[in-house]
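Undergrad: Single-letter residue listing:
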Amino acid sequence: MYKITEKKVLNKDIDFMTIDAPLVAKNAKPGHFIILRVDEDGERIPLTIADIKGDQVDIIYQKMGYSTQLLGTKEKGDTISDFVGPLGQAAHIKDKKHVVGVAGGVGAAPILPQLRAYKEQGTKVTLILGARNKDYLILKDTFESLCDKVIYTTDDGSYGEKGLVTAPLEDILKTDDTIDHVIAIGPVIMMKFVAKMATAHKRSVDVSLNPIMIDGTGMCGNCRVEIGGKTYFACIDGPDFPGEAVDYDGLMKRQNYYKDKEHECYMRLDNHGS
Amino acid sequence: MAAKRPRTQMSEQDAHKRVTNFLEVALGYTLEEAKLEATRCIDCKNPRCVTECPVGVDIPRFIKQLEAEDLDGAFDTIYNDNILPAICGRVCPQESQCEGACILGIKGEPVSIGALERFIGDHGMNNNLADITVPEEKPQRVAVVGSGPAGLANAASLRKKGYKVTVFEALHAYGGVLNYGIPDFRLPKDIVKKEIENLKEMGVKFVKNAIIGKSITIEQLKEDGYEAIFIGSGAGLPSGLGIPGENYNGVYFANEFLTRVNLMRSRNFPQAATPVKLGDTVAVVGGGNVAMDAARTAKRIGAKRVIVIYRRDEASLPARLDEIHHAKQEGIEFNLLHNPVEIYGKDYEVTAVKCEKMKLGEPDSSGRRRPLPTGEFETFDINAIIISIGQKPNPIIKQNTMDLDTHDWGGIKVDETLKTSLEGVYAGGDAVTGAATVILAMGAGKDAAKHMHDFLQTNR
Ligand SMILES: Cc1cc2nc3c(=O)[nH]c(=O)nc-3n(C[C@H](O)[C@H](O)[C@H](O)COP(=O)(O)OP(=O)(O)OC[C@H]3O[C@@H](n4cnc5c(N)ncnc54)[C@H](O)[C@@H]3O)c2cc1C
Ligand SMILES: Cc1cc2nc3c(=O)[nH]c(=O)nc-3n(C[C@H](O)[C@H](O)[C@H](O)COP(=O)(O)OP(=O)(O)OC[C@H]3O[C@@H](n4cnc5c(N)ncnc54)[C@H](O)[C@@H]3O)c2cc1C
Ligand code: SF4
Ligand code: SF4
Ligand code: FES
Chain A
1 MYKITEKKVL
11 NKDIDFMTID
21 APLVAKNAKP
31 GHFIILRVDE
41 DGERIPLTIA
51 DIKGDQVDII
61 YQKMGYSTQL
71 LGTKEKGDTI
81 SDFVGPLGQA
91 AHIKDKKHVV
101 GVAGGVGAAP
111 ILPQLRAYKE
121 QGTKVTLILG
131 ARNKDYLILK
141 DTFESLCDKV
151 IYTTDDGSYG
161 EKGLVTAPLE
171 DILKTDDTID
181 HVIAIGPVIM
191 MKFVAKMATA
201 HKRSVDVSLN
211 PIMIDGTGMC
221 GNCRVEIGGK
231 TYFACIDGPD
241 FPGEAVDYDG
251 LMKRQNYYKD
261 KEHECYMRLD
271 NHGS
Chain B
1 MAAKRPRTQM
11 SEQDAHKRVT
21 NFLEVALGYT
31 LEEAKLEATR
41 CIDCKNPRCV
51 TECPVGVDIP
61 RFIKQLEAED
71 LDGAFDTIYN
81 DNILPAICGR
91 VCPQESQCEG
101 ACILGIKGEP
111 VSIGALERFI
121 GDHGMNNNLA
131 DITVPEEKPQ
141 RVAVVGSGPA
151 GLANAASLRK
161 KGYKVTVFEA
171 LHAYGGVLNY
181 GIPDFRLPKD
191 IVKKEIENLK
201 EMGVKFVKNA
211 IIGKSITIEQ
221 LKEDGYEAIF
231 IGSGAGLPSG
241 LGIPGENYNG
251 VYFANEFLTR
261 VNLMRSRNFP
271 QAATPVKLGD
281 TVAVVGGGNV
291 AMDAARTAKR
301 IGAKRVIVIY
311 RRDEASLPAR
321 LDEIHHAKQE
331 GIEFNLLHNP
341 VEIYGKDYEV
351 TAVKCEKMKL
361 GEPDSSGRRR
371 PLPTGEFETF
381 DINAIIISIG
391 QKPNPIIKQN
401 TMDLDTHDWG
411 GIKVDETLKT
421 SLEGVYAGGD
431 AVTGAATVIL
441 AMGAGKDAAK
451 HMHDFLQTNR
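Taken in sequence, the protein lines are chains A and B.
So the first sequence is residues 1 to 274, counted in this note's numbering.
So the second sequence is residues 1 to 460, counted in this note's numbering.
Just chain B, with the same shape it has in the complex (with noise of 0.2 Å):
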């Protein structure tokens, strides 16, 4: 049976090769490939995969439609529930999600769906098939804030159903975390760009270095006639270890060093004037997709030997099973239950790091172990350490909108429509949850920009 077969492989860059460069490492399927991936699901009656995937992808249907080569179909298909495809292929956590709730993979290697999601995905991109027509345009104006994944499929949402829709960014490039954060080998900015193309045809305004809460408040936004407001504000504040020495030169947090390479280019240095420096041995603290983000960049702009330094064990590393495996592939090093405890430096700038060793203990509130201190300790040399542990939701909005309720740890309170505090004021993604997936992000956006449609009719 078809659905016995392994998976179809997607060919990939040579691992010795593509640390030398930022081109993407998986190279996608052929449609041949893609038609034996798909040939492989057997179309469930109640597929699992359907309900585990945030934004419910009729995943089968898809499926069959590109088994019988019926590529606009099935892109049509995933579009209904998805914008984002080409994407969303690429960067979803799929053995957490819709891989991993597929039938097959009880006894077997589930179906790769982000693999044929994203080769659709880059169909529709290839053949311009996103549908950007536009209805009657209406006369009530809206504005999101925030370019970032849930602000995107927000401003597509809304302007689909007519709304004149303007897009306010406080960085001078549009995407948020798509475009500063996800590096090029794993998300080619092209794609962000293009996506961005086509809500710009679409009629979608965007005004780039426009800080709500700095440049305009709420508060005047809705002076100026915008009569509903989504906050997509995404979860940008880094959060630091806590340790003597943070403050070196050559400790970075993750964003920083990735908002240094991706958004600034400093790997085109000096053409691009940001510079950035790491030296030859790099530690990466942390275990989810920022910090493989991080060690892989850094392998790629030259460091001889990068070490990952996590606390917990192999298992309960977060990343994306993908990007686990190809960091080890490019000779990144994992040191699993270790904890740094202390940054070194001599004048200034950092030389080491001292971390305990950890033991697994009873599983805490996450379901996973919990990692215990062990009394001892090992100390490694380093020219350079990239914290990659996590982002809360940035602050600026909250200090400047009176009345908009948050939870101590910085999220923007909403109700089940995503309704902030506020009146005619949504919020959603990042900003919402903390740092999470883009796909939750963009599920909020849509789902956001629903109650927002259903505030501006009933409040015609």
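Bound-form chain A, shown alone (with noise of 0.2 Å):
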């Protein structure tokens, strides 16, 4: 069992959490995620590390369907199931001049550890920080002390600029030379189009790809994406990828593929609440 230490509601879908997981902590570097299962007939589902205090270990996630949202009837104090890792390959801190991260949704969640090890190398940072109103901009504080500039987009104009992320992006790679690499990291729709762009603009593009998975260590395959053709396994190869040749049309059908099955699970959820 693996204790919830710490445990806030940062917005109406999106939760932070500590857990105590001294054999996670002990390796865990960023880019790194864990799989947990919220209880004994739980699927396991796996989250990025988003940082590292000694044995405590925070997750930041959105409560997109059954188990997200089991999670999040969990309170500081509770216990859940199974909690392993650190899991994938460590991300690949390049060495380079001035990093753009475009963050979508909860994916400023995955990207912060990331940006964090760009800094502390010396990489100047920018961040554009995308969601659907002002009320799920995530970690606004953390990133705003952190990088040189942080822009906002949502998607109703109620914070930082009306529309997508992939606007001001264009703006930047347009103008500023000194940009020599993007990251991109959200809803695969968004890196999608954030990869296209960065080509477009000779631009490299790291995304990290975020299809199902069951162990998290290479035994099953269900998390495999195809990249230029090839097959690679999220979970040991990546999650983080060159983002130029990803098949992201694919791995969108595959994230989707139990989409009629969560139905069936969420009439459990209600259950659970009543």
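For the record, the hints were derived by calculation from the structure and aren't laboratory data.
Cβ coordinates follow ideal geometry from the N, Cα and C atoms, glycine included.
Fair warning: there could be bad hints in the mix.
[Stated by the list, open to error] Some, not all, of what chain B presents toward chain A, calculated at C-beta under 7 Å:
1. F206
2. N209
3. E219
4. L237
5. S239
6. N247
7. T259
8. P270
9. A272
10. A273
11. T274
12. N394
From the two separate chains plus the hints, produce the assembled complex.
TA: The following block contains the structure:
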């Protein structure tokens, strides 16, 4: 059992949680993720390690479907069944002068440790943070003290620029020659268009792929992604990959394969609540 | 003469009924049946069966004890060489090991050694006969990586010598393939659980959710004071076909499919939160135990039609004979001499698989006749396809352990004492051999324990 030592509700859909997990904390680096199971009947779900403090591991999760919502019912002092990691390849922090991070929604959580690592090695960091509306812009203070510049976009214009993250991205790629790398983490559709734009403007781009996973150790093959016609296992080869040649459409389809099944689980969650 | 009698048949769940449940198919002998079968063994002076058992179980001795109704004695005899008789009796490929060599098999049917071993194994389990006493505890600590048969056997043997043993397992449950791979209808999970309980009672510590190489490196285990380490991390990495369409939805590797159903218990969905989705017609590619398990599991979770696609002929099917036989009884269709060349899909979801028909050529390095392409094709309409063509050793430990020598194909290199290129670090089972068998993995775990004991003694 793994104890929840801290929990904060960041907005209606997104929670922050700290878990006591010395075996995960020991060797964790930016870009690593964990897999957890809320209870004995639970799914194994992957979440990025947002930060490490001693034996404590921070996660930030969006309550998307059954498992993340169930996790959201847990409070400080409660325990969850399983918490394993660090998984995946640590992010490859490259030798760059000026990196632009592009994060959509909860993608702000996984991009944070990477931007921090870039900053620590002396790279200039600009962040474009996009969300549905101003309530969904998370970690604002953290980013503002970390990054050289933060640009906000919201779908409804309630904060920052109205529209998608790709609009300000295009502006700065056109105008700022010092930018030599882009990192995109967020919904697959966002990563697809960011990668396309970065490539069109001749910048290298890294994305963080999030297929459905089970074991996270290379055993099941559920997490396979196609890049440039070759198959990779995101859990052991990734989750970070160069973004130019990823089959994003395939990834989206694979993520949605069990969508109809999720409905049946939801009904269970409703029972839980009542 | 007793030996000339045909084998005593084991009763089984009716095929129509069993495809609707996950209960064990073969029901085991009664004492009377077991004794009757035991009388068939002619107690050879130079028993060929023993030579072909990878761990050298004293087969005639335990069989004669069984015949004399000394069941406890028979258990001790087997347990001396094989700590998992209830498991091996069920899953060993007996026809190519002990039973394949039995003298009676030359003219008639071999003794049902596996069934007898299962009977005795169950007797031992039901009566807690496994000797879990530990001699005086030694101060030295040993780490075992992986809780499959190799790791379990290694842990048991070293604990028996008094060492403080900790087993580290990457998953949230113990048993390796015995737990996440082989389905309940062949190996009920209670048996695996019970074996692990025994080890716990013996004082072996188990740590789940601990990935060696990630959570703790081999180097860190040494720093933490583990004086010897055994790597039994198995061969978990699935191989693909490398044909177009392999990443469509509905294309499963057998590991994913079996893990969903067994480890994550998706057959209890939505009570268990992990789903699995197949549709009516399912193809299974491959002809080994994994393929048979996938095919029969697919049937049990509701597929109406399950077709096995295998590129060689029936005689080459590597699966246990029992499993092939049971699969046929359960209505699994076999398309032999067919080789998948392309998976078709619509909207990224599988719809059909195109296969090339094969013919048999000259024997290849495996001694089986090589399948050759004919240029003729056949396409099957399907809703899902499960690829079961093999696994390679998992790369995680290698990637995170400098100086651990491995073969190009991923297997860990060991010397004749099962020592790896690292001092005090040993390895065995599928991680060394590539996908093999439970009994070979168990034997390797036990063997390595002997050498680790020698090492720990001289290292004092
Ligand atoms: C390496 C990795 C790191 C991740 N890090 C984070 C993180 O830090 N914070 C966070 O909130 N989420 C993260 N995710 C996504 C997270 O794992 C999923 O949101 C979660 O598994 C959904 O589970 P659920 O049962 O709540 O929802 P589900 O009902 O399973 O999913 C809800 C919807 O989300 C989509 N979905 C399903 N699985 C995934 C998936 N793996 N990724 C994205 N969408 C999915 C489907 O379209 C589905 O309809 C990460 C995923 C990966 C692979
Ligand atoms: C579906 C299926 C059916 C089979 N049927 C039969 C059969 O009928 N008869 C037969 O004899 N054989 C059968 N086999 C083969 C047999 O199960 C294997 O040969 C045997 O289990 C190998 O044992 P092992 O201990 O080497 O590895 P495994 O059983 O694979 O166990 C390895 C364990 O190590 C863990 N692990 C891996 N990496 C790490 C790490 N870095 N840190 C911590 N833990 C780790 C894994 O999670 C796993 O639990 C079958 C295999 C499968 C997949
Ligand atoms: S361990 Fe396996 S091969 Fe040896 S006697 Fe038992 S069933 Fe036969
Ligand atoms: S070879 Fe057959 S008959 Fe001879 S001892 Fe072994 S089991 Fe008995
Ligand atoms: S999640 Fe199972 S192989 Fe990657």
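Undergrad: Check the structure against each numbered hint from earlier and tell me which ones fail, lowest number first.
TA: 1, 3 and 5
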